[in-house]
Structures are given as C-alpha cells and as structure tokens.
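Enquirer: With the sequences and hints as input, model every part of the structure.
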Amino acid sequence: MINYSIEKEYEGMVDAYQKAGGDRNALLGKETARLVIHENRVLDSSGVDGLKIETKETGTGVEVYLVVEEGVRISYPVHLCFGILSKEGLQEIVMKVNAKDNSEVNVIAHCVFPNAAKAIHKMEADIEIGNNARFDYRETHYHGDYGGIEVIPKARVKVGKGGVYQSSMTISQGFVGKLDYDFEVFCQEDGVAELVVKAYGKGHDDIKVWEKIHLDGAGARGLAKSRLVLSDRAKAEVRGETYGNAPDARGHVDCIELVNGTEAVAKAIPIVSVSNDKAKVTHEAAIGSIDKKQVETLMARGLDESEAVDVIVKGILR
Amino acid sequence: MLEVRNLYLSLNGKPIINDLNLHVSRGEIHGVLGKNGTGKTTLAYLVMGVNNYIPSAGRMIFEGEDITGLSVSQRAKKGISLAWQEPARIEGLSVRDYLMLSGNSHGVKEVEDYLSVVGLEPATYLDRYIDDTLSGGERKRIEMASIMAMEPKLAILDEPDSGIDIVSLPFILNCIAKMNERGSSVLLITHSEKVVETAHRVSVLCAGRILRTGEPGEMSLWFKENCQPCAHVNEPEKEGDTPQ
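If you read the sequences in order, they're chains U and A.
Following the numbering used here, the numbering of the first sequence begins with 1 at its first residue and continues without gaps.
Following the numbering used here, the numbering of the second sequence begins with 1 at its first residue and continues without gaps.
No wet-lab data here; the hints were simulated from the structure.
Glycine included, each C-beta is placed from N, C-alpha and C at the ideal position.
Here are some of the chain U residues that sit facing chain A, going by a computed Cβ distance under 10 Å:
#1 Glu296
#2 Met299
#3 Arg318
Here are the computed distance ranges between Cβ atoms for each label pair:
#4 U:Glu69 x A:Lys178: 50 to 60 Å
#5 U:Ser289 x A:Asn12: 21 to 31 Å
#6 A:Asp127 x U:Lys154: 27 to 37 Å
Chain A stretches covered by chain U per the calculated footprint, using a threshold of three residues with CB under 8 Å from any CB of chain U:
#7 44-53
#8 62-73
#9 81-88
Expert: Shown next, in the form of structure tokens:
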C-alpha cells in the first residue's frame, strides 16, 4: 500500500474530487461545512453555525455524526469527499445523520476511487429527518478505469411528519465495478422520499440496486427511480419496492434500463404493495435497447452513431 | 441538387415506392403533396437513410454524388437533414444542447434567434428538456429550430404543420421561408394546401410514384380534383416495417 503524507493525501483527494465534478473552492470556503476522508483518515472536517460534524477514526474507516439543529437552514451546500487513492484498500463509513425538526440542508458528496483495482467502500447510514425538515443528498462517484472497486452503500432513513428526504447517486465516470446499493426509507404523515440511482455499467460491472420506500403516514409520498445504461458484459438487477400503508399515500417506482450491445444483461423487479384502500402506488419499468429513432435523430444532425449514443446515455444519466 | 431516379421500395411484400423520380433544384422549396399512405414519409426516410429503408432499386444523387449507400451521418455531413413528423423525445437533453449540437459552432445568441423564429420564448425553453414534458407542438417547433440551426443544404421537412395549432402555423411557414432565404433547399412533405403554397414547385405523389410536377396553385387544384376523391393509396406504412 502506498503511504501518503497528509498534505499529499489531501491534495490527491481534492484533485480526484475535482475530476468527479466537485468544486475545489467549495472545500476552502469558511462558510462551507465540509468533510474529507481518505481511507480511515479524516483530512479535513468543518461544521458551520447550526450544523455539527463529528468524526471518529476506526481501524477500517470513520464514524461520522452529522447534526443539523432545529429550525436551522444551512445556506451553502455541505461538501463531503470520501475515497481511496491507492489501488487497494477498505473504507467503512458509518454515518449517523440527524436533521432536526424544521431544518434544511443540501449535501453534495463525491466518492472518489480513481486507481482502485481491489478496493472496497462501504457505507452504513442511519438517517433521521425531523418533522418538516428537508435533507437533500446528491452523491456522485468517480471511479477509475480498472473496474476493481466494490461499493456497498446501505441506508435506513426515517422521515418525520412533513419531512422531505431526497437522495441521488450517480456513477457515470469510469467503471462502476461492483455496486450493491440498498436504501430503505420509512415516511410518516405527509413525508416525502425520493430515491434516485443512475449508473453506466461497462466491462464486467455488476450492479445491484434495491430501493424500498414505506409510506406509513397519511399523505406520504415516495418515488423510487433508477436509470441504468449497460454496455459490454455489464449486468444489473434493480428492485424498486414501494408500500402504501396509509390513506392518501402516493408512491411510484420508475425504472429504465438500457442495454447497448448483445452481452449486457438487465433485470428489473418492481414491487408495489398497498395495504390501505385509499393509498395508490404505481410502477413503470422499461428495459430495452437505445431507441433507434433517437439515435437517428442525432445522426441526422451530423453525429456519428457512437456520438449519438453517448449524447443519449449522458441525457439519461443526467 | 437532389435527383431521385427510378426508386423502388417494398415493405412486407407491398410496393410502397414504385419507380419514383424526383428532381429538387438548388435553392428550391419543392413540395410533395399526397394523401395519407401514398409513400410521402417513406420518401423522406429513403432520402435521409433512416429506419433501415434501403431501396430495392434506383439511385439518389445529391450534388452529383450517389448517396444511396451512405449512412445517415454521412448524408447529414454532406448537408442533408430531416425534421421528423413525430420527433423523438430524448430524456435529459436540453433544448439548448440539442440546438447547439445541431448548429455545430453556433453560440447561444444564434440558438435564441432560432427559437424566436418558431415563436418560442428562449428564456422559457432553453433549459427545458426535449422529453415528454413538451407538448407535441412545442417539440415540433423545436425540431424546426434545430434544422434551422444546422443550416443544411437540403432540409427534408416531413409534415411540418402536423400537431401545430392555427396560431402557431405562421411561425412554421416563416421558418420554412427563412431557412430557404438562408440558402437551404427544402423537400417539403405535406398534404396541406396552406403549407404547399410556400413551395416553388410541387409534385403530386400517388401509390409511391410522382404523377406530375408543376406550380403550387395548379398542383393543389389538380390534387383536390383528382386525388382527394380517389381511393387509390398504398397501405399506410409503419415505422419498423421490413423493407424488401
């Protein structure tokens, strides 16, 4: 394993963060809460008024406690950067989030594994969204071209009355490697949950997505959405589950998987369940090839076929 | 500019294009008038090279070069483009990006101008996606704007007025005129008398064959008197029909 000095580690992480689409300056501003973790080392951590970040390094990762105080609206997005710069390594993040009642925060996370040939990134999250609180979490991954990363994010989320939890995860750069995504959300009265996963599988990538939303309170709403594009020998299985357990609960499972080529394999398993006669849950799942008319529309503008497919894939994963 | 010679195409054993001959001159708006199912869209697809339509016989010559065997991209790079009757929806592709990629080196200012020509407010539309959130008419107008942005030598417009409301139709007609002013020849496929008035010459299509060519008023009248009462049409073609 390569040994980095703290400065080099930080510089390496920030470089990778920028390649993943992150804003380098956002990690320097005083008004911005941030957290940079390389393997099991916390390289930078800073909260702001009303938002506290506490960390504890463990042998294989870091425990993170993120608390947003009651009634506080955090003006600037919180920036998180997790990753492994070495070819091999293990990073286990245990995250506990408590967004207290009436709080509001946006979190932009970048997970970077630019050189991973045999690396594992695990995240176990326990997230609590208070009554009328809003928590928006956008995670973008930057994986290298070795395909040797295993990403295992798992989260259990409780959304209080009138609370909003929105989460998106995008892996469109480099190889996905192995992804085992498992998020489960429980919504109380008028709570809202939105889970979105977007990934571009190539080579031998192996993608498993499991999105579960329980609409337990009256008027709760949920969307489990996934957009996957698969090329080469990549394979994916998406399970989108939504349970309407209360009056006026509304849920939707929306899965689109596009297969480009003859060897990739896509599978979708939508499960919708209703246990209250005033709840309604719908689903749509489509698996197919990239639409020929879309490709030809772009080709008729002068793009080559591969360029046209690229534009379509980027659009789906946007 | 475009010479279609003795073109034939059959779909599922039925002749759709049947010894079709057509000449479009440089700088001309050439209307093709025909009832539903006479092969108008098939002709558009054949010239653009889409939908796996490959003629069983005949040739298409563009600016002196045989383009019959060229791919869609190759034809587009030579200056041919197509505005589809029902344009594709593409998730996550913004109107701005669609017009920019159509226009290659155009800047945002030009892109805004093209939207204005088709009567769409740039501030409202540039950041929208060309997906299902647009109405049929909006998508259609964006398709026309994208053809303008491309400034093709030959624009094939397949039923540019379909799905367009009466209030918006003048924008489409103005767009065709502007396209032509800026140097594009136009192959204008329609069954609308109003739209065909913008053409310099019109050919009447029936059962996959051009019956006659002349000035728009004369051809409209001939079409009304002879084609409209006549039941002689091909089976309507569907996308994905297998060419034979």
